Amino acid sequence: MAELNTLVADKKSLANLDVFSSTLQELASTDKHILAVTSDSRGSGKLVPFGQKYPSQIIEIGIAEQNLVGVAAGLASTGKKVFAVSPACFLTARSFEQIKTDVAYSNNPVKLIGISAGVSYGALGSTHHSLHDFAALRAVHNLIVVAPADNFETEQAIRLAAQTDHPIYIRFGKKAMPLLSEENQQFEFGKGRIVNEGDDLILVATGETVYPALQAARQLENVHGIQATVISMHTIKPLDYALLTSVAAKGCPILTVEEHSVYGGLGEACASFLLENGFRNRFKIMGIPDEYTVTGSQIEIFDHYGLSEIGIADMALNLLQKHA
Amino acid sequence: MSLQELARKSVTYRKNILKYIVGAKAGHTGGSLSCVDILNVLYNYVLNVSPETAKSPNRDRYIQSKGHTVEALYVVLADKGFFPESDLETLCKYQSHYIGHPTRKVNGIEQNTGSLGHGLALSVGTALAAKLDELTYRVFTLLGDGELPEGSNWEAALSASHYKLDNLCAIVDKNTLQISGPTADVCNTDPLDKKFEAFGWAVRHVNGHDFQELTEAFDSLPFEPGKPSLIIAHTIKGKGISYMENQLKWHHGVPNQEQYAQALTELEEAGMAL
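Here the protein sequences come in this chain order: A and B.
Each step along the first sequence adds one to the number in the numbering used here, with nothing skipped, and position 293 is 293.
When you read off a place in the second sequence, starting at 1, and then add 1000, the result is the number in the numbering used here.
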């Protein structure tokens, strides 16, 4: 396996949120149609420099998420490239009907940016966790749902979103993210990225769980000689069925990992596709169980629910032993 | 268009609303009849939009927040040439685009609505875009008095005044009845004028069936520079048909053939009197 980029736990590495902010600034410098619309989230969305540089391109709505999405849809209907930025938990729960009706049904190409997603607001508790957004928004027709895993995927997703005339939801967390590989050349919505290849196990992860999945794969290889394919399934919808088909054909166990409820997210999306298409690989979904989460930092919560390198590796071994 | 011509248009529109609702065996009859005079004035007197300019960046926009009375909008858009009136024979039928709430699949309709409390925020965004682009188009939205308890309306009302959207005009079709009963009993929103004024809007009351009052109000926009305008149009649910007026059951009642014949007779007589 190629060595991971060691930006990993380095404080100099950037959060996807920072990459979002800097990319949006760059895009806005040459495109006056780019608008950032926020719900008192200019600071938490790292949009203060954007607002200072482009004051006419940032619109503050205040703490009113339904209005945020409705106004964003109205703006987008006139040809503006609107990035509606709000904490993922509120953006997707309080505004669900506006996302469904004003954005997706009316085909107003708003770019919905869910910040501090999953359990990024760990200690703030379950009101601030977005563990339902994949489930809810997967069920909305005409909406692309994306969870970038690293700075490269985030930058590419924002650039592509600005170009696409399609409603889209992109969510990411707060903490610094390592690059997943040195060769970050291809990114396309709906096309998962293979970040490691192996024939013993398939790890399908999304967002900020891809990195611990990749670490787990390295541990499995180094300690047990187990070779795992690791996929960053950054697009939850449309799901990359072609890639799933090709890796499932190896016949080995499949483990999905996500910072989301085990209900209705990446895992269930993969499971339904595979089962409907005749695959009978041993299969396990890792995510947040059906409970309100424990208090702690994002890392502590990952550890608690086994979404860490060790937890994922242990689950993989368990799955492989059952398979043997 | 003269006030008399507007009045004659409304008679035709009311006939057509009933014709297509009877044909579909579905529709929101009472509310369509209460708001159709407002739509008549908007499309025949106020709005700078036509089938030829339907995609023009500087066209005026109309967004119908009370989407359930789409039948009134359909007959007006057909009359303006956005689509052949015969299309409405498919109203609410299998695979028709002319469904029971506005959809952009129908030429001339700006936004999909139907869920209540959505039109005002959409209108705020659209009006804000005009300000940002220094375009002169105006945005009009029709709200029902029954949908006003939706909190999204009040979020949007705050934004409209915060951004000084004097290119935005909301009209409340205040027919005072909603599906469960009198609006004042279900959730009283009065005094509506004081509430919107407190939110930073300039407000006027009109008789929503009086073409002179309606045209004068629209001629006076914006009521105050730097403020969004609200027209509270006092209307009668089921207006124009004696047995429907102010009767709750006609919220989405469909006339039988005998009732339909009587309604047409009443409308003929009203037309003759003009």
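Note that these hints are calculated values from the structure, not bench results.
From a predicted model like this one, the values you see are computed outputs, not experimental measurements.
C-beta atoms are modelled at their ideal positions from N, C-alpha and C, and glycine is treated no differently.
Wrong hints could be hidden among the right ones.
Simulated crosslink set (SDA-like; lysine to any residue; CA at most 20 Å straight-line) [claimed, not checked]:
id	chain 1	residue 1	chain 2	residue 2
1	A	LYS32	B	ASN1058
2	B	LYS1019	B	ASP1185
3	B	LYS1131	A	GLU188
4	B	LYS1105	A	LYS32
5	B	LYS1055	A	ASN281
Computed footprint of chain B on chain A, listed as stretches where at least three residues anywhere in the stretch have a Cβ under 8 Å from a Cβ of chain B [claimed, not checked]:
id	region
6	68 to 78
7	97 to 104
8	141 to 150
Tested hints:
no. : hint                     : result
1   : A:LYS32 with B:ASN1058   : holds (18 Å)
2   : B:LYS1019 with B:ASP1185 : violated (32 Å)
3   : B:LYS1131 with A:GLU188  : violated (35 Å)
4   : B:LYS1105 with A:LYS32   : violated (29 Å)
5   : B:LYS1055 with A:ASN281  : violated (52 Å)
6   : 68 to 78                 : holds (count 10)
7   : 97 to 104                : holds (count 4)
8   : 141 to 150               : violated (count 0)
Checked against the numbered hints above, the structure breaks hints 2, 3, 4, 5, 8 and satisfies the rest.
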